[in-house]
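Novice: Sequence:
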Amino acid sequence: MKSKVIHDPIFDTQMISDYYSEKDGVKVLYVCTTDFSVPNVPVDVFYRRRKVKGLSRYFGLFINPETEGLMVTDLDDLMDFEMPMVRDDEGLYRYSRQESDNKEFRNGNFVAGGRITTRWGPKGIICRVEKGKFVLVEFPDSDEHHNCGTPDCCGECEDAVLDNLAASYSEPEEIVSVASLATDAK
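The sequence shown: position 150 = 150 (the numbering used here), numbered continuously.
Worth flagging that the hints you see were computed from the coordinates, not collected in a lab.
All figures in this text were calculated on a predicted structure; none of them were measured in a lab.
Don't be surprised by glycine CBs; every beta carbon is placed ideally from N, CA and C.
You can take every hint at face value.
Capping the alpha-carbon separation at 30 Å, the derived lysine-lysine pairs in DSS-like fashion look like this:
(1) LYS133 x LYS123
(2) LYS4 x LYS133
(3) LYS51 x LYS4
(4) LYS53 x LYS27
(5) LYS53 x LYS133
(6) LYS51 x LYS131
(7) LYS53 x LYS23
(8) LYS23 x LYS51
(9) LYS131 x LYS23
(10) LYS133 x LYS27
(11) LYS27 x LYS131
(12) LYS4 x LYS23
(13) LYS131 x LYS4
(14) LYS23 x LYS133
(15) LYS27 x LYS4
(16) LYS53 x LYS131
(17) LYS51 x LYS27
(18) LYS4 x LYS123
Listed next, with one range per pair, are the computed distances between beta-carbon atoms:
(19) ASP18 x ASN107: 28 to 38 Å
(20) ARG106 x GLY25: 43 to 53 Å
(21) GLY25 x SER100: 31 to 41 Å
(22) GLY108 x SER21: 36 to 46 Å
(23) GLU66 x THR118: 22 to 32 Å
(24) GLU104 x ASN40: 14 to 24 Å
(25) GLU138 x MET71: 30 to 40 Å
(26) GLU66 x ARG106: 33 to 43 Å
(27) ASP89 x GLY69: 32 to 42 Å
Put together the whole structure using the sequences plus the hints.
Specialist: Here you go:
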């Protein structure tokens, strides 16, 4: 079972993916929306499936806060990062897209601060991006799940991610990204 990630993009990511796929002659996928070096300036991140001469594989679109103009930026050198995610009340994964983006859920999970000042807990996962998709890096509480089925089970162990982790840490679990205009669930 693959888990879904809910995003909070700035732009119509399908329209942008379609535009750049046609323009560049290669499939372009939406990856995520996050801040990089400037707090509270979220960037919609895209990935070209194949290398195109003169273009980066990862690129981002954002609104310049000073000029309010649309900007495109090369992100190949910035994509080596980890992103904590937590499950919302519906069991879908959420992340914080920017420093001022705070998400809190009735199940007790929260994620806040974007990538610049990330705070999250109490249960979650850590992912990174590989080839345009989130892959699981770490399940911080995996040591609590070796004897699953106990009355105090957190519920995370129902996910096939744990089965894969228990079998082998060598194969990362793919987390499927699902673009959505979802807003904070509170």
